[in-house]
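Here is what each chain is made of, one letter per residue.
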Amino acid sequence: MQWCRGEADGRMLIPIAGAEKGDSPLHRLDDRAKLVALTGFVVAAMLTPTRPVWPWLALFGLLLVALAAGRVKPGLMAKRFLGLSLVVGVPFAVSRLGGEATRLAGESFAVKSLLVAGGFFALTATAHMPDLLEGTSRVPGLSGMSALAAFILRGANMLTGEVVRTNRAWALRAPRARLGVRLRGLVAASISLLGRAAARSDRVGAAMVLRGFDGRMPPAPARALSAGDLAVGLLFAAISLAIGGLGRWA
Amino acid sequence: MVAEQRERDALSRARELSLAGMLGALGLLLPIGFHALGWGGKIFLPMHLPMVVAGFLVGPATAASLGFLVPLLSSALTGMPPLAPPIAPLMSLELMAKGALASLLYRRLALPMWFVLPVVLIVDWAVLGAAAYAAAGFFGITTGALKYVWAAIALSWPGTVLQLVGVPLGVAAIERRLPRLALARGERR
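From first to last, the protein sequence lines stand for chains A and B. In this text, residue positions in the first sequence follow my numbering: the first is 22, and each later residue adds one. In this text, residue positions in the second sequence follow my numbering: the first is 4, and each later residue adds one.
The hints are simulated quantities; they were obtained by calculation from the structure and are not laboratory data. Some hints could be false.
Partner residues aside, some chain B positions facing chain A, computed with beta carbon under 7 Å [as the list claims (entries may be wrong)]:
| # | residue |
| --- | --- |
| 1 | 22 |
| 2 | 63 |
| 3 | 76 |
| 4 | 156 |
| 5 | 175 |
From the three backbone atoms N, C-alpha and C, an ideal C-beta is built for every residue, glycine too.
Generate the whole structure from the sequences, applying the supplied hints.
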């Protein structure tokens, strides 16, 4: 997908939030193996009933092991979970005012939400979007989606640059402008940006055809998934599913 | 002749992908801007705005893919909307339906915008209700999905007004820059 790559070294400029360069075991693990592990973990979290409590605790323990293996910064983790406080904390708090069934539903909602969010956080904090996109580009039916996602990220990089430049220009030209003037400027700049972005997309489309785009998405070159990585992913998924299954049916 | 036609198709596909990418990028960046200003995403629905504009400008399949992708990408990039509780998946379904329907009615059937936009908003609420009902089942919650939808509609009235005003403006701004988009309405591609 050379025609929708990022800058200079071919990597996207916008990383996944928290996906910092790292050399932890989880960073080194193949992203596809992480996806296998995550799928098992999410299914296990959904299987786990409200009572007994031990399967939840075991899954949280497993999640902590994964986050520790990824050497994820506690500050980043706290920030991400703080972002969930409104959407998880408020319904949970309200459910405490209800009867037994409402309280159990509130607990189930909060715990499952935190487990699934934690699982996705462990993945996104240790993976890079281009690697994930290259993986999905080889899945039949998803190649178009992954190419579109690559375009979105490329466009986001470009527009971010435009916004930064516009903002700098405002700061230089009218540092003490009134709010009304700034808002009018913001609306005018947004409409102008939209028009410019559309015109630019036309030029990009023409350039793609000149570079050989024929209307179909070229598949990304295949990379072998090592047996070791796959085994780690499957093991994590199996442990998660065993915990979830035992909690539900034992 | 065939080669020319193929080249035209490739150009049209490339332009559509590129335009969809740009609007998708706005779908990622606008919510960040709104959050930075302290304006809630649930109230102003900033991600919906470029997605609906895209529905009016690109084909149904591309609009649906774009609507499906952007909330999930935003979730992976910024953590918002969250994947669990399943707000991002619900938004994906909502925006997918919105984009595809807008494109189908406006681009394929060439219906007027004043008719299409309200229809799209109403269908959006119906899809949100159905998706919230299905998602609630995963958490063992058997009631309240309808209340969630009423609350979401009541809370997001400024976002609805913003879409009713902003989408025609956005579509007009882009169609003025790219007149071929307005000329191609009603064509099957």
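Hint check results:
1. 22: 4 Å, holds
2. 63: 13 Å, violated
3. 76: 6 Å, holds
4. 156: Violated. Min distance 18 Å.
5. 175: It is violated, given that the least Cβ distance between residue 175 of chain B and chain A is near 10 Å, above 7 Å.
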